[in-house]
Amino acid sequence: MAEAIQRKLQSELEKYQQMQKDVNKSMSARQKLEAQLTENNIVKEELDLLDSQNTVYKLIGPVLVKQELDEAKATVTKRLEYINGEIQRHETLLKDLERKSEQHREILASLQQEYQRAQGIPAGKV
Amino acid sequence: MCYEMTDACHCPKQVMKDCNDQLMHWKKVEKDYESLQERLITLPDKLSYDVMVPFGPLAFSPGKLVHTNEVMVLLGDNWFAKCSAKQAEALVAHRQKLVKKKLDDLHKVMKSFRDKAEFTADLEKITDTAGDFVDIREVLSKDEEVTKGKPRVAHKPNSKPKEEYVLQLKEEQWEGEGGASQGGVLSETELWARLDELERLEEEQDERDRLDSTDTNGEDTTSSSSEEEKETETGSAVEVNGHRQCEDMSPASYAGRVNGVTGLALDGQDKDEEYEDEEEFSSLPTIYFSHTTEPKKVRINTGKNTTLKFSERKEQKDAKRKKKSVKCNGHTLHEHHKITTPADIYRVFVDVVNGEPVPRKSILKSRSRENSVCSDTSESSTADFEERRALYGHEEGAHSAASNGVTEDGRHAAISLYPNGRVEAFSGTVVEKDPLPVLIPHLTITPPALPTIPERKQEEVGSETPQEVPKRVSKFKAARLQQK
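Taken in sequence, the protein lines are chains A and B.
Note that this note's numbering has the first sequence beginning at 46, numbered continuously upward.
Note that this note's numbering has the second sequence beginning at 692, numbered continuously upward.
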C-alpha cells in the first residue's frame, strides 16, 4: 500500500519536476524575447535617428551585409512584430503551464498526505 | 510569524542585492556612454590620430586613426550603421536616456524593497523592545506536536469492534434481565426454567381455582365481603397455606409473612395487582381515573353510610397490609413479574404509591370494582379501597338482596376458617374464570356494576393471563384457549 503510493508519488513528482523545468524554460525564453524586444525597439528608434545617407549593415555570420535603411527599418519592424507574437505565445503557454503545475501540485499534496497516512497506519498498528 | 519575518527579510535582501548588482552594471554602462560621448564629441576635431592599435589581446602596434568622422555603430541585434560622429553622439545620447530610465527603475525597485526590509526590521525591533506593540506568539510545545502527529486510524471496513465491548454489553443486558427476574443474575436457561415452573404452577392453580370457583362461586362474593372476617380470623390464613402454595408464584413471600393473614393478603394482593396490572396495561390510565370517580359515587349511592365507614376502616387495614405486602413483595414474585411484563412495571409504580392510595384507587377502581364484584377478594394493595368499597357494596347488596347471604353467612360461621382463607385465596383466582354465573347475580344486585360486566369478561380473560406473566402473548392466547 505504502510502497505503491510512494511509487506513484515518485512518478508524479518527476512529472511535476519536468513540468517545472518546462515552465522555467519557457520563462527564460520569454525573458530572452523580452530582451530582444527592447533591443529591437532601441534599434528601431536609432534607425529612425538616421537619415537616408547612412548605410546600414546586417551582421550575418562573419559578414556584414549592406542593407538599405528603409529595408532595415522594415525588417526591424517585422522582427518586432514577430517578437511580439512570440511573447504573446509564450504568455499563453506560461499561463497554461502554470495552471497545469498548480493542478499537479495539488495532486502531489494529496498524494503526499495519502503516503503519510499509509505510513501512519503501520506506525499506529505498532 | 517568525517564518514570515525571515521570509520578508530574506526576500527583499536578495532582491536588493540583485538590484544593486544591476545598478552597478548600469552605472558603469552610463559612465562608459559618457566617456564615449565625450570621445565622439572630440573625435572629429582632428583629421587623424596617432594611436596604438591593438593586435589581439597581447600586442599593440603603432597606427593612425583616420576617417575621424566616420563611425560604425552597433545598433543591436547585429545591426550596424555607418554614421558620422555627430549622429553617433546622438545615438549615444539616446542610449544614455535609456540607461538613465533603467537606472531610475532600478532605484524605484530598490526603494520599495528597502522600505519592506526596514519595516520588518522595525517590526522586529518594536516587538523585541517592550513597547505598545506586542507580537502575538504561540509556542508550539512538543506535546502538541506529538498529539497532532499521532495518526488517527479509521476502522477498516471489515474490522469488527473489539470483542471486549461486545461481551460487556451482552453481560449488562443479561444482568438487567436477570436482575429484573430475581434480583440476581440469571442465565438464560435458568430464566426459562423459572418461567416454565411458574407456568406450571399457574396451570395447577387455574385448575384448582376452577374447581373452587365452581364450588364457592356463591361464597366468593361472601368471601370477598368476608374480608373482615379474614382479618378477624387471622388463624384461618395458616390453613389457607395450601391455597397459597397453589397460587404462589412467590415462595419467598411466605417466609417474609409473619401472619397468615398478611400472607393471604399478600397473595390476594399479588393476584389482584396482577389483574390490575393487566387491566391497566390493556386500557389507558386516564380512562381508569374517570372510572374511579364513578365507582365512589356508585358505592355511595348503593352502599350505606355505614359501609363507607367500614370501607374506610378496611382501607386503613389495607394500607397496613399494603405496607407489609410491599415489603414482602419487594423480594418476591412481584419483582419478577414487574420486570417480566410491562404491566409489572406499572404495578411497581403503584406499589410505590401504596402509601398514598389515591393514584391506585383511580387506576384500580374501574377494574377493581369489577374485580371486586366478581372476586371480592381483591385485597390488592392498589385496588384496596375501591375494591373493598365495591365489596362492601356488594356485600350490602348481597345481604340486601339476600340472594345467598344467610346461607353463606351460615357457612362462614360453620366453616369460618376454611372458606374464609380459601375464599380469599380463591376470590382472586376464582374471579377470573367463572364469574359469568357470579356476575349475573351481581348485576342484579348492583346496577352500577352493570356497565362493568362486559368488561369484566375481558378482564377475566386478561386476569388469567397475568399470573402466567412471562410471555404475554402466549398467556393471552392460552387464556382464550382455556376459556373456549
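For the record, the hints were derived by calculation from the structure and aren't laboratory data.
Heads up, the beta-carbon is just placed ideally off N, CA and C, and yes, glycines get one too.
Possibly wrong hints are sitting among the right ones.
Ranges between beta-carbon positions, derived for each pair [to be verified]:
1. B:L831 <-> A:N129: 47 to 55 Å
2. B:K816 <-> A:D67: 52 to 60 Å
3. A:L109 <-> B:E809: 23 to 31 Å
4. A:Q158 <-> B:E809: 35 to 43 Å
5. A:Q65 <-> B:Y740: 30 to 38 Å
Against the structure, the hints:
no.	hint	verdict
1	B:L831 <-> A:N129: 47 to 55 Å	holds, 52 Å
2	B:K816 <-> A:D67: 52 to 60 Å	violated, 44 Å
3	A:L109 <-> B:E809: 23 to 31 Å	violated, 52 Å
4	A:Q158 <-> B:E809: 35 to 43 Å	holds, 39 Å
5	A:Q65 <-> B:Y740: 30 to 38 Å	violated, 56 Å
The earlier numbered hints that this structure contradicts are 2, 3, 5.
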